[in-house]
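In the order they appear, the protein sequences are chains F and Y.
According to this note's numbering, the first sequence is numbered sequentially starting from 1441.
According to this note's numbering, the second sequence is numbered sequentially starting from 800.
Certain hints may be false.
[Unchecked claim] Some chain F residues near chain Y, calculated using beta-carbon distances under 7 Å:
{"id": "1", "residue": "ILE1443"}
{"id": "2", "residue": "ILE1447"}
{"id": "3", "residue": "TYR1462"}
{"id": "4", "residue": "ALA1470"}
{"id": "5", "residue": "ALA1515"}
{"id": "6", "residue": "PHE1527"}
[To be verified] The following label-pair restraints were derived from C-beta to C-beta distances:
{"id": "7", "chain 1": "F", "residue 1": "LYS1539", "chain 2": "Y", "residue 2": "ASP803", "range": "40 to 48 Å"}
{"id": "8", "chain 1": "F", "residue 1": "ILE1447", "chain 2": "Y", "residue 2": "ALA841", "range": "26 to 34 Å"}
{"id": "9", "chain 1": "Y", "residue 1": "ASP1177", "chain 2": "F", "residue 2": "PHE1446", "range": "39 to 47 Å"}
{"id": "10", "chain 1": "Y", "residue 1": "VAL981", "chain 2": "F", "residue 2": "ALA1535", "range": "46 to 54 Å"}
{"id": "11", "chain 1": "F", "residue 1": "GLY1502", "chain 2": "Y", "residue 2": "ARG830", "range": "43 to 51 Å"}
{"id": "12", "chain 1": "Y", "residue 1": "TRP995", "chain 2": "F", "residue 2": "ALA1535", "range": "23 to 31 Å"}
{"id": "13", "chain 1": "F", "residue 1": "TYR1461", "chain 2": "Y", "residue 2": "ASN954", "range": "33 to 41 Å"}
These are calculated hints, taken from the structure and not from any lab test.
These numbers were taken from a predicted model, which means no experiment stands behind them.
Note that the Cβ used here is the ideal one computed from N, Cα and C, for glycine as well.
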Amino acid sequence: MEIDPFIFRLSIFVLAIFVGYYVVWSVTPALHTPLMSVTNAISSVIIVGALLAVAVDLLAAGEGGWIAKIFGVIAVALASVNIFGGFLVTQRMLAMYKKKEKK
Amino acid sequence: MTADLAALLYLVSGVLFILALRGLSNPESSRRGNNLGMIGMAIAVGTTLAVAAPPDALTWGLIALGVAVGGTVGAITARRIAMTAMPQLVAAFHSLVGLAAVFVAAAALYAPQAFGIGEVGNIHMQSLIEMSLGVAIGAITFSGSIIAFAKLNGNMSGAPIILPARHILNIAIFGAIIALIVMLVMSHGADTWTFWAITVLAIVLGVTLIVPIGGADMPVVVSMLNSYSGWAAAGIGFTLENSALIITGALVGSSGAILSYIMCKGMNRSFISVILGGFGGEVAHAAGKTETRPVKLGSAEDAAFIMKNASSVIVVPGYGMAVAQAQHALHEMANKLKKEGVKISYAIHPVAGRMPGHMNVLLAEANVPYDEVFELDDINSQFPTADVAYVIGANDVTNPSAKTDPKSPIYGMPILDVEKAKTVLFIKRGMGSGYAGVENELFFRDNTMMLFGDAKKMTEEIVKALG
């Protein structure tokens, strides 16, 4: 009997929730703001879907093709704001955290 | 590139994202973690471009245009944004993730074959369910985050706006969204109007859900929307059968959920009561009772004298420090005191500020070393041996009635035991109460000296008085 690939994806999803649970609890509270900005940046991996939409083959897609392409471009731009903004602002914040200077 | 290789590469980027979060367990490893996250993102984008190669120059151009426009806006914002504005920035970023999810889902509806989920008017049922959940959560995240942004940025009053019959209204909208999802699925995606109706209703729901929540409860809201943006991404990830997206969605979803939990615990309120809203108006006042008890007033010179002769000072910052931008003056004061041989530490309450970790970022910006900054549980035992507690812009998180008065609205909330310090220096603009509308018992204690004035100006005056 064959297993529906959906079940595999669901397994990944459930296990990733647990990974997230343990990883996030180990984040130091001092870095909770960078945590939010970096999760923001990585959730923009949704750009993957946007790229697929832009790359739609217009001949095969028919009239819906152009609509998908345009929505895709908008989504690429939105996700790019987050990817660049999110990672860079996190980098900027993390660079500020310094230890006591040894004298 | 084969589909198997692509799937493996997506897995690699998912793992890199996990490592990015793992790095945040301490500030030293965090910078490397952030770089790993960037590599993960590059791998995910590169893989997608290889596996679904853009067919023509026009498509490449459109992608380059999108990335260039979005990337420039993002990079400039990241460079220029003030650290005090971080809560609003994060809220704005959440709304973009939500909106991107809506657009991706819409594209999948109009060109399903590009995503391998069927044809127009005959989309796989399961994909439609995943897609509609993604779009509904995405749209709620979008509009909810805009409201949160407006409240945090001051474009909108932080006071809760109570709509009539809002619970019934919300349940009705929620029910309508479910019904529309069923209709969309039954039509196999042919009825595109149901998709847009879901989007519109979810946008409305995002507004009606967040509008009644007060400004001071925003740490919970921002964390919750963080979580939602993750679940929306995961929904789309299932539609696209993409493991990088599913893993990331799950990570971000649980991250936001944990942060909301920590914030709620910091206020001793249930998640439900925060979400139902109506609490946390910044100008709420206890009705009818004006306080006439005397308080001890002090000047900057008095404060400087007391601190100069102390052996240890604990600084308790709050939202007021962020508003007054007093962190740099504060660090200057700390340096002066250190030269006098005073030991300085900082005590951070979990809900100080408007988002998780808000105070830590501001202190880091002002070059305060992070090993001088402590969390509530780690420092509370040190107040009895401290000479001075310097409360700057915090209020309710120091109110002893949270421990003693069962009738107080903040009863049970974990607080910083500042009243146990030998002297409490309390900077405040006026005699108003905190956001919870509760009088702070602390003001009338014998060991409390009130310093009335702007947090930044008062601290600067103390610096001057320290000479």
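Cross-check of the supplied hints:
| no. | hint | result |
| --- | --- | --- |
| 1 | ILE1443 | violated (14 Å) |
| 2 | ILE1447 | violated (11 Å) |
| 3 | TYR1462 | violated (9 Å) |
| 4 | ALA1470 | holds (4 Å) |
| 5 | ALA1515 | holds (4 Å) |
| 6 | PHE1527 | holds (5 Å) |
| 7 | LYS1539(F) to ASP803(Y): 40 to 48 Å | holds (45 Å) |
| 8 | ILE1447(F) to ALA841(Y): 26 to 34 Å | holds (30 Å) |
| 9 | ASP1177(Y) to PHE1446(F): 39 to 47 Å | holds (45 Å) |
| 10 | VAL981(Y) to ALA1535(F): 46 to 54 Å | holds (50 Å) |
| 11 | GLY1502(F) to ARG830(Y): 43 to 51 Å | holds (48 Å) |
| 12 | TRP995(Y) to ALA1535(F): 23 to 31 Å | violated (43 Å) |
| 13 | TYR1461(F) to ASN954(Y): 33 to 41 Å | holds (35 Å) |
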